[in-house]
Amino acid sequence: GEDVEQSLFLSVREGDSSVINCTYTDSSSTYLYWYKQEPGAGLQLLTYIFSNMDMKQDQRLTVLLNKKDKHLSLRIADTQTGDSAIYFCAEKGTALIFGKGTTLSVSS
Amino acid sequence: EAGVTQFPSHSVIEKGQTVTLRCDPISGHDNLYWYRRVMGKEIKFLLHFVKESKQDESGMPNNRFLAERTGGTYSTLKVQPAELEDSGVYFCASSQSQGEGNTEAFFGQGTRLTVV
Chain A
-3 GEDVEQSLFL SVREGDSSVI NCTYTDSSST YLYWYKQEPG AGLQLLTYIF
47 SNMDMKQDQR LTVLLNKKDK HLSLRIADTQ TGDSAIYFCA EKGTALIFGK
97 GTTLSVSS
Chain B
2 EAGVTQFPSH SVIEKGQTVT LRCDPISGHD NLYWYRRVMG KEIKFLLHFV
52 KESKQDESGM PNNRFLAERT GGTYSTLKVQ PAELEDSGVY FCASSQSQGE
102 GNTEAFFGQG TRLTVV
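Just so you know, the protein sequences line up as chains A and B, in that order.
For the first sequence, position 44 matches number 40 in my numbering, and the numbering has no gaps at all.
Position in the second sequence (first residue = 1) + 1 = my numbering.
Treat the hints as calculated values from the structure; they're not laboratory data.
These numbers come from a predicted model, not from an experiment.
Take these hints with a grain of salt, some might be off.
[Said to hold, decoys possible] Mimicking DSSO-like on lysine-lysine, the simulated pairs with C-alpha atoms at most 27 Å apart in a straight line are:
no., chain 1, residue 1, chain 2, residue 2
1, A, K96, B, K55
2, A, K66, B, K42
3, A, K88, B, K52
4, A, K88, B, K42
5, B, K16, B, K42
6, B, K16, B, K79
7, B, K45, A, K64
8, A, K96, B, K45
9, A, K96, B, K79
10, A, K88, B, K45
11, A, K88, B, K55
12, B, K42, A, K63
13, A, K96, A, K64
14, B, K42, A, K96
15, A, K32, B, K42
16, B, K45, A, K66
17, A, K32, B, K45
18, B, K45, A, K63
Chain B extracted, bound-state conformation:
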């Protein structure tokens, strides 16, 4: 069974350009999360989808970031226009169900974004 896949693995763009990151969760996982790690800092939550709906987007830094999950399958995270401080590793994770029990979140390998 395929795990969580992210594309691209690396992206280098100039300040002001647009970049779109893609995440394909594990098939059948309703929950999809985006996280970001800026170098040397903690991994920070960005947002959470349940199927195609945004359950929690409290971690999105500003309106330059737009996440979508059309049809409740794969998700995209677009940064427009990109700024230098957006550089970091963007992780996607998916899980099967939400609730009080322990539900393992499976992570992708991340997309390393460098804005120059």
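One chain only, chain A, in its complex shape:
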């Protein structure tokens, strides 16, 4: 496909794990990113992964990369209400190419 694809909504309960999936377009992308946008705020870089890696862990965040399938995922362990936000997957071309964003809703 020509677009970076993400599911639009995800709803989880506090304390559960959240998994947000993304399919990107360019197998030659060197870096893949996850950005977070909280209400009324700008985009914040959450984490990124270099294309020669298949996993990266950073505290509660785990990024998995499947280059063969051009599939990227973000797992948030022990999801908190403060994690409620829109999460954007992006790949690096000459500029960043974003997906439509996944709205994560966390209920207590």
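Fit chain B to the known structure of chain A by using the hints.
For chain B alone, kept in the frame of chain A given last:
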């Protein structure tokens, strides 16, 4: 250190009017990007400045949009005349250097433009 700032945060204008959005990048960042998110859709690239030069403006939708970065500092994005489909959130981002390495792009909070 101040981050990327955008002004105004919100703008509501009538169809046919002109609006100018401003972005102040992080001091010392040569790269400045404009992106736009139309509601419910992906964030789309509009253009990229390196200092005062337009490096890539392939994402600009049409000639109603004019971006400038005089002196290589702040940038403006003017929409004239505005149409209904121009409504959305306009993000600006800046980064320190370009190349194959990972250079984080810092985003502003966005300007929400509503054309009525």
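Status of the hints after comparison with the structure:
no. : hint          : in the structure
1   : K96/A - K55/B : holds (26 Å)
2   : K66/A - K42/B : holds (21 Å)
3   : K88/A - K52/B : holds (20 Å)
4   : K88/A - K42/B : holds (18 Å)
5   : K16/B - K42/B : holds (22 Å)
6   : K16/B - K79/B : holds (14 Å)
7   : K45/B - K64/A : holds (25 Å)
8   : K96/A - K45/B : holds (9 Å)
9   : K96/A - K79/B : holds (25 Å)
10  : K88/A - K45/B : holds (13 Å)
11  : K88/A - K55/B : holds (19 Å)
12  : K42/B - K63/A : holds (25 Å)
13  : K96/A - K64/A : holds (22 Å)
14  : K42/B - K96/A : holds (5 Å)
15  : K32/A - K42/B : holds (15 Å)
16  : K45/B - K66/A : holds (20 Å)
17  : K32/A - K45/B : holds (16 Å)
18  : K45/B - K63/A : holds (23 Å)
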